[in-house]
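2 protein chains.
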Amino acid sequence: MNSSNPGFLDIIFQRKSVRHFVEKPVSKDDLMIMVKAGMAAPSARNEQPWAFIVLTDRYMLNQLGEGLPYAKMLYFAGAAFIVCGDTSIIIEEGKAGLWQQDCAAATENILLAAESLNLGAVWTAVHPYIKRESHVRNILHLPDHIIPFCVIPVGYPTGEDVPKDKFDSRKIHWGKW
Amino acid sequence: MNSSNPGFLDIIFQRKSVRHFVEKPVSKDDLMIMVKAGMAAPSARNEQPWAFIVLTDRYMLNQLGEGLPYAKMLYFAGAAFIVCGDTSIIIEEGKAGLWQQDCAAATENILLAAESLNLGAVWTAVHPYIKRESHVRNILHLPDHIIPFCVIPVGYPTGEDVPKDKFDSRKIHWGKW
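Residue numbers (the working numbering), protein chains in the order written: chain H, 1 to 177; chain G, 1 to 177.
Don't read these hints as lab results, they were simulated from the structure. The structure presented is a predicted model; accordingly, all values stated were derived computationally and were not measured. Please note that the accuracy of each hint is not assured.
Some chain G residues close to chain H (C-beta under 8 Å, calculated; not the full set) [what the hints assert, rightly or not]:
hint, residue
1, Lys36
2, Ala41
3, Ala51
4, Val54
5, Thr87
6, Ala125
Here chain G is said to cover these stretches of chain H; the calculated rule only asks that three of the stretch's residues, wherever they fall, bring their Cβ under 8 Å from a Cβ of chain G [as the list claims (entries may be wrong)]:
hint, region
7, 12-19
8, 34-48
9, 56-62
10, 159-167
No residue lacks a Cβ here, since even glycine has one placed at the ideal position from N, Cα and C.
Whenever a hint applies, use it, and build me the whole structure from the sequences.
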């Protein structure tokens, strides 16, 4: 390992989907660090076509969870981010797929920042599932130009979720396919 | 800042799109670390629908650059990753958009790992641009089930590329839209 920052690589490899949380609030400072990390992601043509909703209210978190079959951990999470695509920012029509790539990069940054703060988080997909999008849109009264991309429940982990080793040398092709 | 790993957050905020490289090869060890970081990304239903091609051959890098209008830095890069979607892995039809999200998360991990290794890298989009996809497919003789998602030139930075501060408080919505 010729790493100038091994601690950083640890975070990448230690990150896991955390679905079990202890009952403890997440500080606004930590939430701000995570959302800043999201905004530090790259985006196509530097459009930054994203917006972030941050929820900590128990009632709102529960409401959100009710319509999201794979985000029931919202009932126990201290907070959640809703990463959204802002279609009013996207400059070039017909290249619309790229906002999803940008939001995915921002989401990964948030997940890694959570890990570095000893928090746990999990990426639950919303887009392109129409029913999930409608639910989030309704609960949060989103304007039409805002597309909910994913919901990230976040909180202090119980410790039962552990990282997976997903290394698979067959997926690496050196020099050619 | 209540960070348990401030070095990690530095990497997130210091990462930039590096488009200018000095002529110096990238070690296979470092390339392996970066591709491992890519594979440590989350994916929908843990499908890991990705594959990674790693190029270091000057002729191949140049060939790839010839057909990619925004990836001319390949002429100077020490190496490149081609992140691909493997459609043979995707279990559920009709949810095909998610492989792009997964590949984007893997791409962001590679970019961050590059930054942590004092290397520089830049995400150049291939999918969903048909002409770019055809070019990469032809140069690399990709099978039909493999979709080239992006090309990441990587190398030692000249230092002229610097991070952007993209923080914008108007994009954060606390508690509600």
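key: Broken hints, by number   = Number 5 - this is the single hint that the structure violates.
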